[in-house]
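Engineer: Order-wise, the sequence lines are chains S and V. Residue 296 in this note's numbering sits at position 314 of the first sequence, with consecutive numbering throughout. Residue 343 in this note's numbering sits at position 342 of the second sequence, with consecutive numbering throughout.
For the record, the hints were derived by calculation from the structure and aren't laboratory data. Predicted model, so just to flag it, every value in this text is computed and none were measured. Glycine included, every Cβ here is placed at the ideal spot set by N, Cα and C. Careful, some of the hints might be misleading.
As the list claims (entries may be wrong) - Some chain V residues near chain S, calculated using beta-carbon distances under 8 Å: (1) S47; (2) T153; (3) E157; (4) H161; (5) V236; (6) W251.
Stated by the list, open to error - Here are the simulated lysine-lysine pairs, DSBU-like style, with alpha carbons at most 35 Å apart: (7) K28/S x K39/S; (8) K212/S x K46/S; (9) K46/S x K305/V; (10) K46/S x K295/S; (11) K52/S x K28/S; (12) K11/V x K212/S; (13) K149/S x K305/V; (14) K39/S x K212/S; (15) K295/S x K149/S.
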Amino acid sequence: MKLRTTLLAGATALLPMTAFAADLTIGFSQIGSESGWRAAETTVTKQEAEARGIDLKFADAQQKQENQIKAIRSFIAQGVDAILLAPVVATGWDEVLEEAQDAEIPVVLLDRTVDASDDLYLTAVTSDLVHEGSVAGQWLVDAMGGTDCRIVELQGTTGSSPAIDRKSGFEQAIADHDNLEIVRSQTGDFTRSQGKVVMESFLKAEGGENICALYAHNDDMAVGAIQAIKEAGLNPGDDIKVVAIDAVPDAHLAIANGEMNATIELTPNMAGPALDALEAYLADGTMPPKWIQTESRLFTADDDNRAIYEQKKDLGY
Amino acid sequence: MPGPKHSVLKRIMPQLLILAAALALNVLVFPDFFDIDFRNGRLFGSLIDVLNRGAPVAILCIGMTLVIATRGIDLSVGAVMAIAGATSAAVVTDGHGWGTALLAGLCAGALCGLWNGVLVAVLKIQPIVATLVLMVAGRGVAQLITEGKILTFSNEGLIHLGAGTIAGVPTPILIWMALGALVILVVRRTALGMLIESIGINERSSRLAGINSRVLLVCVYLVSGLCAALAGVIVAADIKGADANNAGLWLELDAILAVVIGGNSLLGGRFSILASLLGALIIQSVNSVILLSGMPPEFNLVIKALLILAILVIQSPRITYLMYMLRASGPQPQPDTDPLSNSPKEEAR
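Isolated chain V, as found in the complex (with noise of 0.2 Å):
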């Protein structure tokens, strides 16, 4: 079906290519910014670290996506992977195994998952409040479980998942990878990325229309948790231990961010996971050239800010129709590719 796979690529090319003017960046401050090569039995690079410094806000983004998809918010994904990485740690000082661990952590993201679901589908509390209360919570949870130090751990398991590597490629990557290209694959070859979109562009008629929304939504919020968990694991693997205080904090706005710049409307419907991980990609790409541009640390949010905003910008349905029309010859009507301008339509009729 060539039909399908164009239109998936028009989808993302601004993405892409807002992504090659990123890494065009870093290769002008840092010339030898795409030389890789094997040390210490692993990749070593800047653009395997852009990568792997990635994959948590890719990993957040992709449940993510899909709680925006519906129209809802998920704040509380940071403090999540904080409370994730503080069971993980918790369950592996008492000396359990490395599978164990995880699947503690993964409990109890989905556990917070589950509520921020119920407090938006059952009690119909607004999600960015519903999640508000979690975010200010949670990492308080997390520091009851590591009684506020840094919960520090040998476990060579689950170290593996954050800083270990699998051919030689870091396994944050593969991690990230497989589960995005999962996900794309259950939401787009059934129904269900559909039946999302369909909640996020008009709840009630779905449900009129036989969609049992109340469910989903509930599964879309787990399904955030979840990924939420499999980030804090990571990060704490990462630094062999878990830090209450510092883990995730802010990653929420980042992973927002992303799937904004992944061209996905804030205000639901139509949503691409692959544009979103692009985004995440390109979040990392701009902390990559700050931190290789060796500019005093006085600059860092300035630089990230303008960046961003420049992104933003050209990506606004304002520039994209004006780009549109001077590519035109004819006086054409609006673009029918940008999801921004299209949703209050949908939302009138």
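Isolated chain S (complex conformation) (with noise of 0.2 Å):
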């Protein structure tokens, strides 16, 4: 096994990159599956990978860091590709990274990053979840179109980056916009009941004719907040526009339906970037950027949302 472990090493690191894609065979080390979105990423990883004919060898982690690094140990073993890599947690990878590397299998970081020196891996997929706040931030800002607005914020979990950097997102695409003034803000943790809850409290606090829009920090959160508005009479999409973040196939349908305004998407598809990136670095040696951000795109109600409803739902989410 060893032997024929350095023979493959041996012949990788000599031959020339010829082979087809055909021929790749990619390890995945993956989380877990702790939330919806983690569930579709490894759906549409294993879509992706399918299309581009690559054999794709998969390694669910539960949430451990110790069973990724026993995956990328043996992806090596293996004499795999190349790895792709979602970090459980941003330290302590300096050494199998380094494994990898000296058994010359790149490695590409997936949806977090890690502290380590960035010569050890090849390049890291990642949203920017400050541009997907000021995405939203735009949105409302071309929206309104100058007429006064007052915003009530659903926050993420306290504390937590997506919170505090969706936050500033929107906060600096409506900073040079003085008709646009965010009136509450309160977390919702991340969850549809407390949007619900927190939502009800915004309603009374400030009189439901008095708030204009909504902006949550997730789907899930502004799909609790709309039941609300429902509730105490209102129009959500209308009396109160509703503008959340991660285009989830709920909120698609909410859309759809007329009672939210806009969402924009956190991709599941990490994985196809990634492939590229590591198809054109094995063809030809093309180095990637260090950092490629996924597309933020933004879904309106011009989007033909129930049909992009029945493409999601069954991802996993």
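Work from the hints to combine the two standalone chains into their complex.
Structural biologist: Here is the structure:
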């Protein structure tokens, strides 16, 4: 086994990379399936690999870094062509990344980054949380077109990086527009039920007719808040504009029903750009940039949301 | 009988005063707090929100009070909520009616309660450890049922339990009030309440006195499981979906807190469900203060901690004793209304 590994490693190092994509074997160390988004990411990664004829070896780490390190070592031993890694934590990766580097196996980080020297991995494919917030803010700026608007904000879990970044991105986007003002901001813990509870209190404290827009840090809270708005006898999407982030299937459904106005996609397809970069690198050594930012796409009522819902609902969200 | 009524009022007086204070605090941060109007076919107002949002903890604390009265504790109620919500959602998305779904949720809760009861009463495992098992594992079971996603449903009947109204009053309010009244009637109009108290004070002597403590203990955990299941179905119905990751998360602690604020001793013995229910309302009023005040969310937990601390300090035996001494003119002995200071003595006997 060891001999074969050595031979394989030697062969991959010596031979120029003329192999077709169909011959590629890629290992994917996934964190686990703690959220619907994570499950969708796994599904999409498998689909992307299959579409390119790549043999994907999948390892679920069940939220444990030690399992991920074990998986990476076994990928190295199997002599895979490349490794995709969605790291569960930021620290403690130097040693195993060096081992991969010694075996000349490129590693691409998905969705999260690590605290290690950036020459230990080929590239990182992540979304920009601040940018997501600013896309949401910009949408509202354009939608209001200068009319006054009192905004309420449902924050994510206090102190979490998506909550901090999505808040600051949104604030940057509306900073130069005096007609837009955030009048209430409270955490809804990223959950539907808290989103509903907090929105109920906003509606009482401000008066439903005095609120013109809701910005929620994720779709789940927005879906909860929409129910609260309806129960207060107002029309979500019309009386109160609703914009949120993530673009989960239920948000597309809400937009299709006219109860929500916009959502910004945190794409589960991190593997697409990663595999593109890997194929180019393995084919002729093209170095990708160190950070590939995924598109934060804006979905509004102009898109065919019902079709997107049908397409997304089976991804595992 | 003027006697018992008067003593009930005396028992819940501290809770009533604290609740009044908490509501006054709400008015302070939001002057229109008591305004209630009729909008979109339902009562609409902050006070209604407190009653409505307090429903899960109120329902949980009914079962929790009984468990704590037997000197036990049930840490699994939050996880049981998730299991019951997931079961109901799974049944209803399978195309069954809401009645079947509710029944399935309650059955799941009853099974969980039975499991806890057998561990505690038959295998004699300490309640905190026995129920910890389900607290940790239960959420995983719920996730298995929902396959890790939020299981949404659109069955009007089931949604009505959480988000609907009857004559304008949100259904959860009616459910917790009716359930509370029913359980109080059952334990106080029969000897059941006294038997439960006797187990909490001294299980061995109750057994020697002829009480079937084993069956009674299992029943108490069963009731707690049923209460948790009902709360779980309501929470799922409220958001039209079962969220196995978040439904009932940490609510077991709120339920225990409600029982404690209700002046019930964690050492078991005498209990008052009415006072626990007031405790649940006090907690929800505190939450309401935080939401209505418009303070940044970084302060949420600090404010809640300070208010709860103040409530517990005011209720502490030493402070109640001092207040009593201040009020009493002569050098009187200790007050007899305080269950906290009573229990250790009863134990020593």
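Engineer: Next, verify each hint and record whether it holds.
Structural biologist: For each hint, the structure was consulted:
no.	hint	verdict
1	S47	holds, 5 Å
2	T153	holds, 7 Å
3	E157	violated, 14 Å
4	H161	violated, 12 Å
5	V236	holds, 6 Å
6	W251	violated, 10 Å
7	K28/S x K39/S	holds, 9 Å
8	K212/S x K46/S	violated, 42 Å
9	K46/S x K305/V	holds, 33 Å
10	K46/S x K295/S	holds, 28 Å
11	K52/S x K28/S	holds, 21 Å
12	K11/V x K212/S	violated, 42 Å
13	K149/S x K305/V	holds, 24 Å
14	K39/S x K212/S	violated, 46 Å
15	K295/S x K149/S	holds, 28 Å
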